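Novice: Sequence:
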Amino acid sequence: MTDDIFGSKTMKRMNYVFLMVLVFSIALTAATAANARQPKPTGMFSDMAYNDEGGDLLGTEIFVTYARDGYFVVYQSSEGEPTTPVVVPATISGTSIKFSVPKSIDPRGNFVGTIGLQELTGSFSGNKEVIHLKRKASYWQ
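Numbering (mature numbering (1 follows the signal peptide of the UniProt record, and there is no 0)), first residue to last: -36 to -1, 1 to 105.
These are calculated hints, taken from the structure and not from any lab test.
Keep in mind it's a predicted model, so treat the numbers as computed, not measured.
Among these hints, one or two may not hold up.
As the list claims (entries may be wrong) - In silico lysine-lysine, DSSO-like type, Cα no more than 27 Å apart, as pairs:
1) Lys98 with Lys67
2) Lys(-25) with Lys67
3) Lys100 with Lys(-28)
4) Lys4 with Lys92
5) Lys100 with Lys4
6) Lys4 with Lys(-28)
7) Lys62 with Lys100
8) Lys92 with Lys67
9) Lys98 with Lys62
Stated by the list, open to error - Quick list of simulated restraints, FRET-style, between CB atoms:
10) Tyr(-21) with Ala101: 50 to 58 Å
11) Tyr(-21) with Glu93: 16 to 24 Å
12) His96 with Lys(-25): 16 to 24 Å
13) Asp20 with Ser57: 32 to 40 Å
14) Thr48 with Ile(-11): 51 to 59 Å
15) Glu17 with Thr55: 31 to 39 Å
16) Ser57 with Asp16: 38 to 46 Å
17) Asp33 with Lys(-28): 56 to 64 Å
18) Ser89 with Gly34: 17 to 25 Å
19) Phe(-19) with Ser87: 18 to 26 Å
20) Lys(-25) with Val94: 57 to 65 Å
All residues carry an ideal CB built from backbone N, CA and C; glycine is no exception.
Turn these sequences into a full structure, and let the hints guide you.
Specialist: Right under this line is the structure:
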């Protein structure tokens, strides 16, 4: 018996090719979906707002940016009157962020947090209070 164009060898080869294309497509889709969910590390994160009752400016702003030497944070906080903004290097790995603020600017010191799609959450080593900063425009804009 001879194999025609739709014989078993040809069908096996076609099934193999189809299976390989299917596996490759699934792997590519999974990789693309994983990258799509990874939040962009750069951006403005803020909870700074004017308090009408006390007439004070309260909150924290963290602007994460990138330069040829790596990631940097422009940091400013306010507990009534805003501090001088400071630029400090940041370490970012995946969604984790770490940076240190000079004690002269903020005595709370080192910050460790997580960058999400909608917010940055984390705490300073000086008080461990967890802060939630929304990804949004700066108070100053």
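Novice: Failing hints, ascending?
Specialist: 2, 3, 6, 11, 12 and 19
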